[in-house]
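Kindly produce the complete structure, drawing on both the sequences and the hints.
Chains as they are written, first to last, in this note's numbering: chain H, 1177 to 1630; chain A, 1177 to 1630.
Derived by calculation from the structure, the hints in this document are not laboratory data. For glycine and all other residues, C-beta sits at the position ideal for the given N, C-alpha and C. Be aware that one or more of the hints could be misleading.
What the hints assert, rightly or not - Short derived list, chain A residues pointing at chain H, Cβ under 10 Å:
id : residue
1  : Glu-1488
2  : Gly-1508
3  : Trp-1548
4  : Met-1570
5  : Asn-1573
6  : Met-1619
Number of protein chains: 2
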Amino acid sequence: MLLSVKQMKRIFIEELRSHIGKEVVIAGWVDIRRDQGKMVFFDLRDMTGKIQCVVLPTNTQVIEIAKAMRLEWVLKINGKVNERPEKNVNKDVLNGDVELEVLNIEVLSKAETLPFDMSLDGYNLDLVTELDNRALVLRHPKIQAVFKVQETIIDSFRTFLKQNKFFEFQAPSITPAVAEGGSEVFQVDYFGRKAFLTQSPQLYKQIVMSAFERVFSVNKIFRAEPSTTTRHLTEVVSLDAEMGFIESWEDIRDMAEATVRFILEQVKVRNSEHLKLLKTDLPVMIEKTPTLSLTEAQQKIFETFNRDVRGEKDMNPQDEREICEIIKKETGSDFVFIYGYPTRKKPFYVFPNPENPEFNEGIDLLCRGLEWMSGGRRINKYDQLLEHVKIWNMDPNKIKMFLEAFKYGVPPEGGFALGAERITMQLLGLKNVREASMFPRDMERIDERFSELA
Amino acid sequence: MLLSVKQMKRIFIEELRSHIGKEVVIAGWVDIRRDQGKMVFFDLRDMTGKIQCVVLPTNTQVIEIAKAMRLEWVLKINGKVNERPEKNVNKDVLNGDVELEVLNIEVLSKAETLPFDMSLDGYNLDLVTELDNRALVLRHPKIQAVFKVQETIIDSFRTFLKQNKFFEFQAPSITPAVAEGGSEVFQVDYFGRKAFLTQSPQLYKQIVMSAFERVFSVNKIFRAEPSTTTRHLTEVVSLDAEMGFIESWEDIRDMAEATVRFILEQVKVRNSEHLKLLKTDLPVMIEKTPTLSLTEAQQKIFETFNRDVRGEKDMNPQDEREICEIIKKETGSDFVFIYGYPTRKKPFYVFPNPENPEFNEGIDLLCRGLEWMSGGRRINKYDQLLEHVKIWNMDPNKIKMFLEAFKYGVPPEGGFALGAERITMQLLGLKNVREASMFPRDMERIDERFSELA
Chain H
1177 MLLSVKQMKR IFIEELRSHI GKEVVIAGWV DIRRDQGKMV FFDLRDMTGK
1227 IQCVVLPTNT QVIEIAKAMR LEWVLKINGK VNERPEKNVN KDVLNGDVEL
1277 EVLNIEVLSK AETLPFDMSL DGYNLDLVTE LDNRALVLRH PKIQAVFKVQ
1327 ETIIDSFRTF LKQNKFFEFQ APSITPAVAE GGSEVFQVDY FGRKAFLTQS
1377 PQLYKQIVMS AFERVFSVNK IFRAEPSTTT RHLTEVVSLD AEMGFIESWE
1427 DIRDMAEATV RFILEQVKVR NSEHLKLLKT DLPVMIEKTP TLSLTEAQQK
1477 IFETFNRDVR GEKDMNPQDE REICEIIKKE TGSDFVFIYG YPTRKKPFYV
1527 FPNPENPEFN EGIDLLCRGL EWMSGGRRIN KYDQLLEHVK IWNMDPNKIK
1577 MFLEAFKYGV PPEGGFALGA ERITMQLLGL KNVREASMFP RDMERIDERF
1627 SELA
Chain A
1177 MLLSVKQMKR IFIEELRSHI GKEVVIAGWV DIRRDQGKMV FFDLRDMTGK
1227 IQCVVLPTNT QVIEIAKAMR LEWVLKINGK VNERPEKNVN KDVLNGDVEL
1277 EVLNIEVLSK AETLPFDMSL DGYNLDLVTE LDNRALVLRH PKIQAVFKVQ
1327 ETIIDSFRTF LKQNKFFEFQ APSITPAVAE GGSEVFQVDY FGRKAFLTQS
1377 PQLYKQIVMS AFERVFSVNK IFRAEPSTTT RHLTEVVSLD AEMGFIESWE
1427 DIRDMAEATV RFILEQVKVR NSEHLKLLKT DLPVMIEKTP TLSLTEAQQK
1477 IFETFNRDVR GEKDMNPQDE REICEIIKKE TGSDFVFIYG YPTRKKPFYV
1527 FPNPENPEFN EGIDLLCRGL EWMSGGRRIN KYDQLLEHVK IWNMDPNKIK
1577 MFLEAFKYGV PPEGGFALGA ERITMQLLGL KNVREASMFP RDMERIDERF
1627 SELA
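Next comes the structure, spelled out in structure tokens:
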């Protein structure tokens, strides 16, 4: 078994079809294997795809290796790319019309027997077991599909904003103090002092916007949420944008809508195979996403479902489901913007509607009954900010750097934020946000479950 | 002063030259202002550039505003784009041949008097004062230039690796335990348990590589370094890559070299204005960066400088400076790779040279006397890893998920990492890494200096 394959440049499995009739070297993992009488068939998998390989019994030295090898062994193979006999052609898959006649195999690495069925259709773990076996499970195509979609989401957030002249900055993780209450904050021992993990890059992105005009960041945020719901993680990736020189909050809404539209389009194009594998339909975004004020939404719910939430300070989950249902029926849109929340119920920096200061110019984007995004216009004038700091009963010393930015001239501005894991979950219709985080952290787990630790 | 400009779409200042003779609306900050007799001249700045604006004395209402306004006021201006008189043309700058005749001004936001000179050439703060005033200082073009270059560095790291089929994943910040010693680790109070901030995504990137083959991540790492040198921060952005199916450590070296080459090329093209502003020359990367083993480097130092460091376990700063000097003289290259460090001096996962296991297949890239990057081949076989875990006296339970990945077949592999702040500093020839971090955290500061806090 100490064979070594020819010294040729390895090619990727997706490239095989342009080498029909030629000898090539490929490398990858044994994905499926079956002995058929004296022949051995197996699939080899690399990051670009799979190919069926055949070892003929006449190749005596190699057939011996082929019979010994097991799933997930890592091989380098020297072989000849052949067209498949007509009756074996499968037009629906990559390399469905070719196969590799194996000439030689070099075993790069062996594998232990798999602890559970990892085949495409046989794989069936509950979430806890899945996370207990995260390292291995990441090899499954359905799990990979989720993170390939997530990569596209984050990537297209960046691409779209860069196309619109937004500057990418790195928001900090360690913060000095918690300006807005915040019991759900992680404390760090910082050389004997107290420091905290950031809950949001909000104030930093406003600072950077005050200098760069249009900015975004893709950075971790942390929340010490003492709950184990399907929607909460302690560490998530926040996609944050902020822009100056807006005419009104509607500019923020429009930029947010265009960003989400671009993400959906990109996922559709770049992840069509993954969406098929996950059996998911993307939500429908019509040409102009409907926008309602909170008050209008409450009125619609009252009229349609005869349930009176008029005057409530916020939407509860049932409200969110019902307004999405109403809008879907009325317009075909899976998305709806809600704006205008009670000013005092939201953070100090949200801009109050000048004509009706009881309500602010905050915006949420809902989709299929869930919040996808939130944002809005912010206060840009120093005096008004100071006034709010007082009303909100905050310590201005704890946001000194933030306030400093606004002392020296800041244009009318606003921004929005999406959580990468939550949007991945909702876009793919996953049941639990943990499925949308490669290494999810929560109250009960950091990699290993706490209950399993000594 | 309650003027309001025409309802026209704002254009960016960089677009003005294509509107000569026309009326436009622009918006931005007052950058420079000078009264000349009865006229007022000032520059308006937006994120795309600057334009000289002229207010004529005949425009009585507007001249009054223009005389009252101060630096950093935020304006929306309605004006006419005129060609400058021949004698006033400055061909070297954007809009050097045009100016805006101001028809109307709307003041969007006022500014307090600047606490120090923010002009291009007048700005001259020491680093401590600069960081004490970070929010305001971010508006200075030289400071912006540093972070624009940093954006390109991070962006081109991503672009190059994506072009080479690397998958981007999100490495976690919160980790369960510290596998490799690590006194310099920040502790987090995690629901009453101990958790830690990651010092490196090393083990995670190897796990993800075992499933996705080629992976990279751009994520924060943290180090509780109790020192205040010019090179250390507690929170930095780590650019990490890892790839499977290598033939030897030289594949890692070549991928790292190509990545750095691409970054340099991109900075040269995209940041030429910023480099000019910062008066920096990029380091020279020749066609093939020289590679020396540690032993060869020590021999060269001995022969050239008659200083005997042969047999030392690592390079010290003087060695790094001297070998760079020697290679520069011999080849013209500012870069040199050093490989082959004593196995026991490096982490357990580094691959020992099979022909000489006392030395490993770790690699560093030096440039102008400083380390830019480190990486190397890793152990990919489970048994060999377990053996090293034992020799290094580590607790295998603390790296359970990592070891699990290697149980099931992992190809020969390796990777490399660069620190975004450090490479920004070195590429631009900055004196202190704090200049290359927008919100630097160290022993003495998180935004505000600790010594200044109550």
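Verification of the supplied hints:
1. Hint status for Glu-1488 (chain A): violated, given a least beta-carbon distance of 32 Å to chain H, over 10 Å.
2. Using the Cβ-Cβ criterion of 10 Å, the hint placing Gly-1508 (chain A) at the interface with chain H is not satisfied: the shortest such distance is roughly 30 Å.
3. For the restraint placing Trp-1548 (chain A) at the interface with chain H, the shortest Cβ-Cβ distance is roughly 19 Å, beyond the 10 Å limit, so the hint is violated.
4. Interface restraint check for Met-1570 (chain A): the shortest CB-CB distance to chain H comes to about 16 Å, outside 10 Å, so the restraint is violated.
5. About 7 Å separates the beta-carbon of Asn-1573 (chain A) from the nearest beta-carbon of chain H, less than 10 Å, and the hint is met.
6. For Met-1619 (chain A), the interface hint holds, the least distance from its beta-carbon to any beta-carbon of chain H being 6 Å, beneath 10 Å.
This entry does not satisfy hints 1, 2, 3, 4, going by the numbered hints stated previously.
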